[in-house]
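S.K.: The listed protein sequences correspond, in order, to chains A and B.
Position 560 of the first sequence, counted from 1, bears residue number 560 in our numbering, the numbering being contiguous throughout.
Position 160 of the second sequence, counted from 1, bears residue number 160 in our numbering, the numbering being contiguous throughout.
In case anyone wonders, no lab produced these hints; they're calculated from the structure.
A hint or two may mislead.
As the list claims (entries may be wrong) - Pair ranges (Cβ atoms, derived):
(1) A/A685 to B/E74: 54 to 62 Å
(2) B/Q26 to A/S265: 49 to 57 Å
(3) B/K130 to A/I92: 37 to 45 Å
(4) A/R266 to B/K131: 34 to 42 Å
(5) B/N238 to A/R259: 43 to 51 Å
(6) B/I20 to A/I256: 51 to 59 Å
(7) B/A78 to A/S265: 29 to 37 Å
(8) B/S177 to A/R259: 41 to 49 Å
(9) B/K82 to A/N284: 34 to 42 Å
(10) A/D262 to B/Q26: 49 to 57 Å
(11) B/H64 to A/R259: 48 to 56 Å
(12) A/T89 to B/S43: 23 to 31 Å
(13) A/N284 to B/S177: 53 to 61 Å
Claimed, not checked - With a straight-line Cα cutoff of 16 Å, these simulated EDC-like cross-link-like pairs (lysine to aspartate or glutamate) come out:
(14) B/K115 to A/E663
(15) A/K613 to B/D79
(16) A/K613 to B/D94
We treat Cβ as the ideally placed atom computed from N, Cα and C, and that holds for glycine.
In case you want the letters, here they are:
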Amino acid sequence: MLGKLSIRNAKRQAKDYIIYFITVIISVALIFSFNSIAVSEDIKELSSVMENFSKSITGISIIVVLTIAWLINYTMKFMLEKRSKEFGTYEILGIEKKDISKMFTLENIIIGIIAFIIGVFFGIFLYQVLTLIIMNLFNQPYEIKITFSIMAVGMTAIYFFGIFLIVLLNCRRKIRKTKVYNLLYADKQNENNVIKNPKGNILIFIISIILIVCAVLINHKEFTDISDFTGRNMFIAITMLILGIYLFYISISSFIVKRYLDNKSRKYKKDNMFLYRNLTSKINTMSVTMGTIAFMFTIILIGGNVALLLNNMLNNEIEMGYPFEIMMSIPENDFSKYKEYINQNVKVKDMYEYRLYNVYNTNVRKALDDTVFEERCYDDIDKVMMFSDYNKLREMLGYEKVHLKDDEIIIQTLKTAEAAFKNYTNKNDKIKIADIEFKIKEIRTENLSQINFNGYTYIIIVPDNLIDIVKKQDSKIISKDTDNNSITNVEQDNEENNTKIGYFDFGYKLVVTTYETTDEKFYEELSELIEKKEIPMTSEVRGEDQQFNIQYPLGEVYTRGYRIGQVKSMYAIISFLAFYVALIFVMATATLLAIQQLNDSEKYKYRYELLKKLGMDELQMNRIILKQLFFYFALPMLLPFVVCIPVILSVGSIFTIAVTMKEIITNICIIYGLFVLVYGIYFIATDVQFTRNIEEIG
Amino acid sequence: MEKILKVEKIQKYYGNKDNITKALDQISFDVDEGEFIGIMGASGSGKTTLLNCISTIDNVSSGHIYLGNQDITEIKEADIAKFRRENLGFIFQDFNLLDTLTMEENIALILTINKIPEKEIDTKIKDIAKKLGIENILNKYPYQVSGGQKQRTAACRAIVNSPKIILADEPTGSLDSKSAKQLLEIMEDMNKNMKATILMVTHDTFTASYCSKILFLKDGKIFNKIEKGEKQRKDFYNEILDVLALLGGDARDVR
Numbered sequence: 001m002l003g004k005l006s007i008r009n010a011k012r013q014a015k016d017y018i019i020y021f022i023t024v025i026i027s028v029a030l031i032f033s034f035n036s037i038a039v040s041e042d043i044k045e046l047s048s049v050m051e052n053f054s055k056s057i058t059g060i061s062i063i064v065v066l067t068i069a070w071l072i073n074y075t076m077k078f079m080l081e082k083r084s085k086e087f088g089t090y091e092i093l094g095i096e097k098k099d100i101s102k103m104f105t106l107e108n109i110i111i112g113i114i115a116f117i118i119g120v121f122f123g124i125f126l127y128q129v130l131t132l133i134i135m136n137l138f139n140q141p142y143e144i145k146i147t148f149s150i151m152a153v154g155m156t157a158i159y160f161f162g163i164f165l166i167v168l169l170n171c172r173r174k175i176r177k178t179k180v181y182n183l184l185y186a187d188k189q190n191e192n193n194v195i196k197n198p199k200g201n202i203l204i205f206i207i208s209i210i211l212i213v214c215a216v217l218i219n220h221k222e223f224t225d226i227s228d229f230t231g232r233n234m235f236i237a238i239t240m241l242i243l244g245i246y247l248f249y250i251s252i253s254s255f256i257v258k259r260y261l262d263n264k265s266r267k268y269k270k271d272n273m274f275l276y277r278n279l280t281s282k283i284n285t286m287s288v289t290m291g292t293i294a295f296m297f298t299i300i301l302i303g304g305n306v307a308l309l310l311n312n313m314l315n316n317e318i319e320m321g322y323p324f325e326i327m328m329s330i331p332e333n334d335f336s337k338y339k340e341y342i343n344q345n346v347k348v349k350d351m352y353e354y355r356l357y358n359v360y361n362t363n364v365r366k367a368l369d370d371t372v373f374e375e376r377c378y379d380d381i382d383k384v385m386m387f388s389d390y391n392k393l394r395e396m397l398g399y400e401k402v403h404l405k406d407d408e409i410i411i412q413t414l415k416t417a418e419a420a421f422k423n424y425t426n427k428n429d430k431i432k433i434a435d436i437e438f439k440i441k442e443i444r445t446e447n448l449s450q451i452n453f454n455g456y457t458y459i460i461i462v463p464d465n466l467i468d469i470v471k472k473q474d475s476k477i478i479s480k481d482t483d484n485n486s487i488t489n490v491e492q493d494n495e496e497n498n499t500k501i502g503y504f505d506f507g508y509k510l511v512v513t514t515y516e517t518t519d520e521k522f523y524e525e526l527s528e529l530i531e532k533k534e535i536p537m538t539s540e541v542r543g544e545d546q547q548f549n550i551q552y553p554l555g556e557v558y559t560r561g562y563r564i565g566q567v568k569s570m571y572a573i574i575s576f577l578a579f580y581v582a583l584i585f586v587m588a589t590a591t592l593l594a595i596q597q598l599n600d601s602e603k604y605k606y607r608y609e610l611l612k613k614l615g616m617d618e619l620q621m622n623r624i625i626l627k628q629l630f631f632y633f634a635l636p637m638l639l640p641f642v643v644c645i646p647v648i649l650s651v652g653s654i655f656t657i658a659v660t661m662k663e664i665i666t667n668i669c670i671i672y673g674l675f676v677l678v679y680g681i682y683f684i685a686t687d688v689q690f691t692r693n694i695e696e697i698g
Numbered sequence: 001m002e003k004i005l006k007v008e009k010i011q012k013y014y015g016n017k018d019n020i021t022k023a024l025d026q027i028s029f030d031v032d033e034g035e036f037i038g039i040m041g042a043s044g045s046g047k048t049t050l051l052n053c054i055s056t057i058d059n060v061s062s063g064h065i066y067l068g069n070q071d072i073t074e075i076k077e078a079d080i081a082k083f084r085r086e087n088l089g090f091i092f093q094d095f096n097l098l099d100t101l102t103m104e105e106n107i108a109l110i111l112t113i114n115k116i117p118e119k120e121i122d123t124k125i126k127d128i129a130k131k132l133g134i135e136n137i138l139n140k141y142p143y144q145v146s147g148g149q150k151q152r153t154a155a156c157r158a159i160v161n162s163p164k165i166i167l168a169d170e171p172t173g174s175l176d177s178k179s180a181k182q183l184l185e186i187m188e189d190m191n192k193n194m195k196a197t198i199l200m201v202t203h204d205t206f207t208a209s210y211c212s213k214i215l216f217l218k219d220g221k222i223f224n225k226i227e228k229g230e231k232q233r234k235d236f237y238n239e240i241l242d243v244l245a246l247l248g249g250d251a252r253d254v255r
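This is chain A alone, in the form it adopts within the complex (with noise of 0.2 Å):
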């Protein structure tokens, strides 16, 4: 009998269902397409890099059960508040509880399980989009192929009726403990204010603003101190940031309806009343849930610009780092075996030779000071360039011929790092190469690989005729070690001047352009030529001093088409789990409004019917109705589009290697207005639909 009620009630309801029917499908199905992606070979198998991928992806479906699991909650607690009248009733007529919350469990379940298989189903179509746009991403041919993994539906299986039976068994409690009365007359009444007391409001409003300023500028610190970065320091950040904008948001929706509330004559203007009352009968369900949408915008808006950011950087590394498809370093000069398997597996257009030189305390370095490249570049010796063969690399790339007088230098650097330099060379455009003094002609900034190659950071391009003074500085770093086949260790041989240089000096050069790109095999098979090296090497383990050795390359190898190959993967990874994520919230977050819209249309229909016969004319109810779901919209947005600002600028500095400011600002730019539309549109359509659900009256 009960069964066949409830039934026939969830018959009755199926436009209110609707929307929960969706929802849950919609959450199946994500989860399971992701779950799928996470245990699939094909994708596995497409890169190296790409094991990490599916770890990231499994380790980030704690945050989507987490979303869901709030979504779903409040999904079903809506259709209990919905269909509180409808129990009481029953109550009334003397149904037990016991029997009202087992009826209440078994819809859920038949809505669950038909929901579960509906939502798989959709989720198999969804993976194989998915891959396919990974495949398209790796330029690999894929098939459509209708996959099943039993893994994949096992996990989507626990995560989804875990949290199922978690929120139902919450509304099974609900229900036994609410009186018949409540049930009954849930419509009717108003929340009360957590905090009654306005001084404890203005409290709360203060901590959580101290809360959120403790969180940026830990955050701060955080990311301009690279070095000191720790995990339990980013967990207490982010833990404050929560826990401020929550408190945020509880105090500051009470502050606005008490500042317009308590006062008569603002309560008395205009439509303020009637507004902040609607808004005030739900107080709590509002904080709690703006602070929710507030948080998730947040983490929106960060993950967003984040993944721009590491997108330019990879992109900017390649331009800046790799403009030559072959670029190779050895510590002495004869490339000949690396030429001759050059020139048998890639076409190659042009291909040069050339040295750079060490020189000492030119203070250029000073230029740096304070900023994220002081700890790319040696204290008192930098790499220099012969000006001949800077003008043939130019030429090799493309770029226009410059001239260089006798007493002029050049700064080649990143553009990255032009600013400071300019910022120097305003102050002091002099600088002494072994006592020679010489006038900075210019800071060129094309790219020319300052990032590690030719230079870390910046190269000094010397008059040709300085040629013998070079090599006698260079001499003097590097001095010729024969049982180490003239390659030099430098950090042993200077200790007394205290350089660190690291291990080997790679000063031989040898730049390729070719008329293809190369492959991950060119590349290994070109850095196997190189002679390794076995090096003696103390450590201390357990308090013992252990030695053993390790295989060091004499040489280092740089190829284009490796390198973009390994980004493709990377920002395949990153964008992905961007997208994933912030498709999660966005659904969650639309679904919650759109329930929570048609719930209250529903509920403000009789308000707004009441209006019209007190003789409120409909441009007056457009115009409420449009400041009503304006706060709604607007509050928020408000404090997430606000504190993301710093967040997003300190994470940004460890990126400034790389990344111009220039940039981040208009990552920042295109994050916030691609969100401002896709929520504008959003708006927008709730209003529409909501002023036509209120003028169906009469």
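Given chain A's structure and the hints, the job is docking chain B onto it.
M.R.: Relative to the frame of chain A, chain B by itself:
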């Protein structure tokens, strides 16, 4: 006495060509300023339809209704809301108070809709609430008070804006007899001391006995009209009963 409401030969039809129901059939009457007029009749006699037409919620099929000098059957759709809020006060059977607003705010609502300056609103409410004896519940919400208190608040809301006429639709319909009596005394007070013109629809004899004049409707037509004049309410009550007995059916209906 100035005539505040003039109803001229109004008709209201429902249904199509073949099956017309005349809900109102050639009804005409006047209401003077300061009158407390009751409209009685059985269910289906057309009294609610009449009230709806006067309150601009429904349109007449033919005829005219004048409130003051304005023909309300000719008001444009766009101006109806403005007309309603400036000229009419309502008391509904089911109170129609907003659950989200306190009693005070429910009364203030009509004033804010009418764009009364904020500063005047508070004094106006305090003033009227004192007169109607509800000042101690002003800060309560509708679900915290009784039906009688809700209806008194609704009466307060109806008069606070000094409308030309107050329209009451079965105001005692949801109340117990004690609350009903209290409400009617308040309405009588509003009528006598605040010079409010009230048009009340009811089917309850006791409620109707508070009126100064009663129209009886039957099948969409005015069946009878009686005035209280200088009579005691008890006598007027008996008079109403007599008319209702007559109205209940013709002798030939009883077989």
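S.K.: Taking the hints in turn, state whether each one holds.
M.R.: Verification of the supplied hints:
no.	hint	in the structure
1	A/A685 to B/E74: 54 to 62 Å	39 Å, violated
2	B/Q26 to A/S265: 49 to 57 Å	51 Å, holds
3	B/K130 to A/I92: 37 to 45 Å	40 Å, holds
4	A/R266 to B/K131: 34 to 42 Å	27 Å, violated
5	B/N238 to A/R259: 43 to 51 Å	59 Å, violated
6	B/I20 to A/I256: 51 to 59 Å	56 Å, holds
7	B/A78 to A/S265: 29 to 37 Å	30 Å, holds
8	B/S177 to A/R259: 41 to 49 Å	45 Å, holds
9	B/K82 to A/N284: 34 to 42 Å	38 Å, holds
10	A/D262 to B/Q26: 49 to 57 Å	56 Å, holds
11	B/H64 to A/R259: 48 to 56 Å	49 Å, holds
12	A/T89 to B/S43: 23 to 31 Å	27 Å, holds
13	A/N284 to B/S177: 53 to 61 Å	40 Å, violated
14	B/K115 to A/E663	51 Å, violated
15	A/K613 to B/D79	13 Å, holds
16	A/K613 to B/D94	14 Å, holds
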